[in-house]
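Participant: What follows is the residue order along each chain.
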Amino acid sequence: ILNVEQSPQSLHVQEGDSTNFTCSFPSSNFYALHWYRWETAKSPEALFVMTLNGDEKKKGRISATLNTKEGYSYLYIKGSQPEDSATYLCAFRGTSYGKLTFGQGTILTVHP
Amino acid sequence: DAGVTQSPTHLIKTRGQQVTLRCSPKSGHDTVSWYQQALGQGPQFIFQYYEEEERQRGNFPDRFSGHQFPNYSSELNVNALLLGDSALYLCASSMTGAVNTEAFFGQGTRLTVV
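In order, the protein sequence lines correspond to chains A and B.
Letter 89 of the first sequence, counting from 1, is numbered 109 in the working numbering, and no numbers are missing.
Letter 106 of the second sequence, counting from 1, is numbered 112 in the working numbering, and no numbers are missing.
Hints were generated in silico from the structure; no laboratory data involved.
Since we're looking at a predicted model, the values are computed, not measured.
C-beta: ideal position from N, C-alpha, C; glycine also.
Possibly wrong hints are sitting among the right ones.
[As the list claims (entries may be wrong)] If the Cβ cut is set under 8 Å, some of the chain B residues that face chain A in the computed set are:
hint: 1; residue: SER39
hint: 2; residue: GLY90
hint: 3; residue: GLY112
Chain A extracted, bound-state conformation:
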């Protein structure tokens, strides 16, 4: 059974704080690691697809790093805003086309 774990389960921060979450996944049979942002009543929105060990990706105030040898990825949000409030999901993929195995998500709430 493939285990993808995310921590923390939930996080409350103040507007302007920087924050980060962790996704851990199996270090064997790795193909890609996906990050999604999921706001209530919307579709999960793709943030990053990461494939190479040491990958760093950035989109505005959000960035992510990948360590495939030890099986973890970090997602960072700099200067959190209330509109960043959402569930952040990571998903492991073991083949080029295969299924995504999701973690349980981190629920972020940013208070004004």
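Chain A is fixed; fit chain B onto it per the hints.
Facilitator: Frame of chain A, contents of chain B only:
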């Protein structure tokens, strides 16, 4: 581009009934995957369709079946509904063979079994 569209958005069914959920993939995508999300959990993979065939299947009983049509749209069928089938069902589309292929999701169908 309409992205991935799912219908219906909400559905209420009685135990023992059968249900069909529908998904239209993003333009240019040929692969459709279905996921079930129960409350408090991440989405769980049900199966994936490519070239009108089931290519990969997760740990779900045979009551869950699907179909892909020549235009790449897909249906998820669930027979003999149980209360435990109540969940959000998500459809994701992607393109097999693309580099760093991304999966795009629909908004989901909320199924309630009573």
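Participant: Would you mind marking each hint as holding or not holding in the structure?
Facilitator: Status of each hint after checking the structure:
1. SER39: Where the cut-off is 8 Å and the nearest Cβ of chain A is about 7 Å from SER39 (chain B), the hint holds.
2. GLY90: violated (18 Å)
3. GLY112: OK, holds: GLY112 (chain B) within 8 Å of chain A, min 6 Å.
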